[in-house]
Amino acid sequence: MREISTQVVVIGGGATGVGILRDLSMRGIPALLLEQGDLAHGTSSRFHGLLHSGGRYAVKDDKAAQECIEENTILKTIAAHCIEDTYGWFVFLKGDDPNYLELWLQGCDQVGIPVREVPLEEGFRLEPLLTRQATRIFEVPDATVDGFKLLWSNVKSAEKYGGTYQTYCKVQSLWLENGRVIGVYAEELITGETLRVRSEIVVNAAGPWSAEIAAMAGFNVDVLKDKGSLLVFNQRLFNRVINRLRVPGDGDIFVPHQTVTVFGTTSHTVELPDDHQVDEQDITYLIELGQNLLEGIEQQRIVRSFAGIRPLYESVEDQDQEGRGVSRNFVIIDHQKMDGVQGLVSILGGKLTTYRLMAEKVSDWVAAKLGVDTACRTAEEPLLNEQPAEVWDKARQLIGVAAANKMMERLNEQAGAVVEAIARQPLLGQFVCECEMVTQAEVIHALQDPAVNSLDDLRRQTRLGMGTCQGAYCSYRATPMIQEAFGGWERTVKEYRLLLAERWRGITPVLWGEQLRESELARALFLNVLDLKAEESEG
Amino acid sequence: MWDAVVVGGGLAGWIAGIRAAQRGKKVLLVTEGVGTLFYFSGIFDYGDIEGLRHLPKHPYTLFNSEDIAQGQHFVQEICPEYIINETPQSAFTVLGTVRQGDLMPRSMILPDRQEQGRFVLLVPEGLKDFFPEVVMTNMAREFPGWQVSAKRMRVDALAEWVKLGKSVSSIDYSAIWRSEEGQRVLAHEIEEIKRQYQVGNKPQEKIIVVLPSLVKEYVDFSRTKPCIEEFSLPVLEMSSFVPSPHGRYFAEYLKHRFTDLGGELMIGARAVSLNQESPSENKARTCQEVIVNSKGKSLCLKGKKFILATGGLLGGGIKVGMARKSIHEGVFDLPLFVPKEWSEPQFFASQPFAQIGVETDELMRPLDPERGEVVWDNVHVVGRMLAHWDPWTQRCGGGVSVTSGYAAAELV
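These protein sequence lines map, in sequence, to chains B and D.
For what it's worth, full-length UniProt numbering labels the leading residue of the first sequence as 1, then goes sequentially.
For what it's worth, full-length UniProt numbering labels the leading residue of the second sequence as 1, then goes sequentially.
Isolated chain B (complex conformation) (with noise of 0.2 Å):
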């Protein structure tokens, strides 16, 4: 057993786990993070990548709408290289509840959220495919947000002032004694080592997983594990956020990323905080639902589906509500009040958009509890330093003007060895993966990162396989590196099954038109031109 000691552990590597441990680490707080799989891999990557202006509240739920728009205006700042300041829009449609829009737009105008009509003639201009339904457009700060790439970036800021994180590392107990919690057990999943960290504080910061950290001290939190299922299109069907102007529903938001549109999303309470399979039915009723917003939706070409859970917080005045109707706020808990045991904080509810107002928070009692007085200074500090306009300009002339600003918004401070590779040997310029942009030197160097132990690792911090092949000829592609990284044909053989059987659950419920002739190309790609063994099926 392998026994280390710190400060603080923080458990859950989301946004608000990362979140916090960079805060802390500002503060010269000593702190690890343990997370059971790899960072983001829960709900922080599963969600439709908006960056709320707080509309979506204004009208139900004032608190959480006014901590939307002011962390909205803080993370267009400090977090400019994650977020693409799309803006968002109400839309009005023939026949929807005209006391909502009143309602609406004066919980607007109480929580300060900035609203523009937009005149209908250049709503349609400016979004082609959006309904003709449509009676009144509104714009709000709405914007869209990469969450592996705020989540990567807060985690490498968090390392420059000294914070400490270990992936594929699953907290078994807390570490009890005379009342108090004084640090974790937990197995590194790599090696089945076990680990035990000494700790003054442990956060538990675990999101759809809280209960069960906080059931391992004997207590009850009331976390409801809601689940919201999204469709990936193949490209942006629009230029902005389109939500619809009514009271939050199924089906009514549609985020543009990069080259690919989400549309979510739907909501049913589930039992255990992995549950990610979606069900068909929900993508049949997400596809008439987005009819309302976008008609003709039946002819866009779905790439993929997902789900992921929101772990709402039940306050005693929400006990009679479900997903949808329980406040979107968020709450710490202080066992020792609760309790009556010291040393173990959870924080429990809220959303992205609020992460970094989570952490501060936290970091605040946290701060508190040690004797720190130091303040918080995530709202000023950026997360992404400017790099110098040789390191542009290079990545520019090797790789093009496209890939070099996606390179250099993922990689920011180590984009300059990857730009000096490629200068060395121009053909690791090569893309691995034509839909991200991802060239040979930047997965090497992605490989370099002890963090990264599979090809679905590597898809996450390179966004690899996400785009239209899923996997299919960008794994591939990757072979000379994982084989070079990870060792022997078999470990490679093993990567691509892995990878596609992952990208494989998201396809499935979508299987039809373009994606399923792309799906048919993947096979006869593995099945037949590379010759792997076929699986028997389980029927």
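It should be emphasised that the hints constitute simulated quantities derived from the structure, not laboratory data.
Please note that the accuracy of each hint is not assured.
What the hints assert, rightly or not - Here are the simulated SDA-like pairs of lysine to any residue, each with C-alpha atoms no more than 20 Å apart in a straight line:
1) K325(D) <-> E280(B)
2) K325(D) <-> L289(B)
3) K369(B) <-> Q342(B)
This one's a predicted model, so the numbers in the text were calculated from it and none came from an experiment.
Position chain D relative to chain B; hints supplied.
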């Protein structure tokens, strides 16, 4: 009026067209492109024919072993570099692993593993999607008694391009290998290999040069004359990755065979519907013409027989709409067999959706799956359009396509 109109220019369509033309029939082949030949490894898989014939409704159940053998011999007849053998042959995949195949060009067939010798992998600079280190370790593992080494080479015409970090596709390299200049470069490289490994070495060591892209096959001697007949060392070719040089040149070769036999060709045209004789109650209908969209115009093409070879899901002959609410065959709107279960949870499993296709009688005429009656009297369905098989897990893609294409031509 043609004796046969073949719709679709993939493997099955070409085989049907060439055979029918060879039989002296007046044939028109209409195609949008080269179909899925662009993914052709260069190898025909036949699979476990006897085993597959026991599967209910598998396309092989429509044929006897003589039909299957005839198709194989036909491939060899039109393309003599394909070798028929009692037992399956082996070739290298693009990754250097060994795959079996039932009918493959002589230049791909691997030597005996029991022998000893040396493989020298010739690595063209900047070749896209080709990983020499991976290939070499795989080759060494597959052939433990053999030495494996590599020789890197460049072609002057591409040097500037590669220096800029641009890769070269295997299609481009194969075009070079087929030029006079390319042949000379190769001959020179091979000569150097011979000098390097034979001088001072044991003279009896067997040296085989391995090349990743197409050099020798599908040379049409009526049109091209290779400047170099033989290299100074035996050359072994690897099967193709995509986009496939083998598929590209094989399609071109088949096109020449077809037009040389008097076949007529319409490329870039999409067949969309048909006209029929006024239907009578008790008789299967007869199709009189298909309607084709070409260059913005509609054309009506009359035929006695129609052969449907539009390539299933991958080839585009079967379209599946959103949420599978509409599933249809695009030319004749034929009834389709649609499996109830659609997919398996494992990606590499035999997928139920792969079984989608047209059910036919023994003459490959489309059947109504509910009533079991022939729908069109003069339409024959071939290749991937047939129902109840999965070419990728059953490894019989080439076999079913060649056999059905050949058999349909015999019915013209």
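Hint by hint, here is what the structure shows:
1. K325(D) <-> E280(B): 13 Å, holds
2. K325(D) <-> L289(B): Holds - the C-alpha atoms of L289(B) and K325(D) are around 16 Å apart, at most 20 Å.
3. K369(B) <-> Q342(B): Holds, at about 10 Å.
Comparing the model with each earlier hint shows no violations; every hint is respected.
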